[in-house]
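Protein chains in written order, with my numbering: chain A, 18 to 314; chain V, 1311 to 1703.
Any given hint could turn out to be false.
DSSO-like cross-link-like pairs, simulated, lysine-lysine; straight-line CA separation at most 30 Å [claimed, not checked]: (1) A/283 - A/297; (2) A/242 - A/276; (3) V/1556 - V/1545; (4) V/1363 - A/215; (5) V/1512 - A/31; (6) A/30 - V/1512; (7) A/312 - A/242; (8) A/179 - A/297; (9) A/312 - A/179; (10) V/1544 - V/1626; (11) V/1512 - A/215; (12) A/261 - A/179; (13) V/1626 - V/1545; (14) A/179 - A/283; (15) A/189 - V/1363.
FYI, nobody ran anything at the bench for these hints, they're computed from the structure.
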Amino acid sequence: MVGGISIRELPRKKYLLPGNPSCPGCPEALGLRYLGMALGDRVILVVPAGCSTVIEGLAPNYSMRFPIVNVPFASADAVASGVAAAKEVLGEDAVVVVWAGDGATADIGFATLSGAAERGDNIIHICVDNEAYMNTGIQRSSLTPYGAWTTTTWTGKKERKKDVPLIMLMHKVPYVATASVGYPMDFIEKLRRAVLIKGFKYIHLHAPCPTGWRFDPSLTVEVAKLAVETGMWILFEAVNGKVKISPPSLPYRDRSRRKPIRDYIKIQGRFRTLTDEELKKLESMVDDVWDTLTKFT
Amino acid sequence: MKLVVMHLTGNYAVAWAVKLSRVKVVSAYPITPQTTIVEKISEFVESGMMDAKIVRVESEHSALATVFGAASSGVRAFTATSSHGLMYMYEMVWWSAGARVPIVMAIVTRTIGAPWNIWSDHSDFMSQRDTGWLMMFAEHNQEVLDSVIQLFRISEDPRVYLPGMIALDAFILSHTTEPVDIPDQSLVDSFLPGRRQPYTFKSGDPITMGNLPSNPRDNMRMRWDVHKSLVAAKKVITEVDREWSKLTGRSYGGLIECYMCSDAKYFIIGAGAWVGDMREAVDMLRSEGYEVGLIKLRFVRPFPAEELAEVMRGGKGAIVFDRSVSAGSAGPLYLDTVAHLGALNVEVPVKNVIAGIAGVDVTYNDIASVVRSFIEEIESKGVVSNYVEWYFR
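The whole structure should be built from the sequences, with the hints applied where relevant.
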């Protein structure tokens, strides 16, 4: 949505403190800051095993100004459902947010995510998608894209990326959106819209990881933007099942306006084994994702 | 005080206790033989008899996760499961104890596959004994109802602040109807104060629980604290039993209950529903002239080591009946018993009988015959020849 929030209106309070143990150029650190700017003190964060477990700091130190319920890997949405149920019973205001990686969202935590979505529990699930199990050292996940190197796919992943936002859309939840750390205002606006809706909300945040994707830590935002500009990542929003491509992605509905996927591939080390033939296959997969999504618009 | 007696299955006794305890969030996943607990609670809630929220989750792992979330956020919460359901939530069982969140869970004990089998043994329950939860058994349905209420009180005592689980045997208790006194709500309210817990997650209060420790020594200390609190719970359990007894006239002895122990030379030790059969066996053996007593282990965590030692010192022998086994070793109740008695210098020969596994029926006649042979062997030879016996009728 255009003309929503001005950066000057956003709170200056830091919800993720400087000096936290995230890697240089960490996209999760960006995402957590935007989350604080968007929702502030109302948040109770539920964090399953992942990079954020480390980013929040080593006890007795603590890098966050959110309350965090740390929970086992496959339990986050269920714990959040419990927190939300308690707050409803007590009549206390709280925005219960699951901050989960691709593993805790799409793989080990998938049943729990689907369960909470089907029940319509009043929580926001944010999938911080860095496209591999980064916290355990860059192993492939179901959200790793085709052709990407990881420490369990040495010659590149042979399978395509699972389309979790569409799967969540098919749960008929009231709010599904994608976002990117390269587009903070878009993400913040989406969070602020999601929070007004009662029920289950899903936001999939694309989070390019310099450590795992093998690019210079100064390029996180640039890589995130390239993902959108090449059409590799599509920003959209669906309120009550009605899909709208978000403004930053709008031009790229037209295939000819997209930058070449090669531009996105070549600045990352993880695609170094990708052959020209595999690149073609990846390009056709991207077209396929666009075709499927636009059918819902 | 108004006295209401109802005919309740063990599972319905649990549901009534949960209602009387004013639980606010319930979450569970169906599994035989637990299912009728949450069915009954759902009925209470949907008919307006109980003011609570039910979260109908997609698995047991999520059931305990939801209950953990609710309990850590400020309300009394409850779940129940059995067998494979408990195995599936195992990770959350540890997490809840480590996080020191008071929760009560009912375990309708059922054997574990393969093969599929729904009958009772204690394999599921006893496999949780290292987790840091308070763990207690019930012998009959009245004790089920009373103990669930007591367990909330013990779990939420600041000297304890740990979750607790109560075992009731599949079908023998869970689906068998017995007359049960339902205490008045005002009595339960006076016994069980409002929710108490060590910390509560709320918006605007940036606390965390469970993040990585910079020094593992702190983590070890947390585990030590769980242990110390379980040991400290012994006093709380005894106090709570006494107070409940004053209010209702029913006492279960706190940690252990002794039957015909004062002049006994031999002891039967057991836990769960078959303690009722053990009472019958004691009566039978006493009528035959055997000097036998029964020690019912009501709590297995904290393990009542000193309490057992005090009763058994000077005895001539004891048999521990286990309805589960640590394969390759012996029954878990036996292992705890001999380890602690040995360390406390109670020199009584102790035999382990492993019986009733996978729901194999065990009667008071079986128990009496095993005890008879044991006593005769001790009296004639002075030693136990087969100290871990698998009993098949």
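Hint check results:
1. A/283 - A/297: At roughly 14 Å apart (the allowed maximum being 30 Å), residue 297 of chain A and residue 283 of chain A satisfy the hint.
2. A/242 - A/276: Distance ~11 Å between residue 242 of chain A and residue 276 of chain A Cα, so the pair holds.
3. V/1556 - V/1545: Holds - the C-alpha atoms of residue 1545 of chain V and residue 1556 of chain V are around 17 Å apart, at most 30 Å.
4. V/1363 - A/215: The hint holds at about 17 Å.
5. V/1512 - A/31: 19 Å, holds
6. A/30 - V/1512: Roughly 18 Å separates the two Cα atoms, so the pair holds.
7. A/312 - A/242: 24 Å, holds
8. A/179 - A/297: Distance of about 19 Å is within 30 Å: holds.
9. A/312 - A/179: Satisfied, since the Cα-Cα distance of roughly 18 Å is no more than 30 Å.
10. V/1544 - V/1626: 27 Å, holds
11. V/1512 - A/215: Given that 30 Å is the threshold and the Cα spacing comes to 19 Å, the pair holds.
12. A/261 - A/179: The given pair, whose Cα atoms are some 20 Å apart, holds under the 30 Å limit.
13. V/1626 - V/1545: 29 Å, holds
14. A/179 - A/283: Holds, because 23 Å separates the two Cα atoms, which is no more than 30 Å.
15. A/189 - V/1363: 23 Å, holds
In terms of the numbered hints stated before, the structure departs from none.
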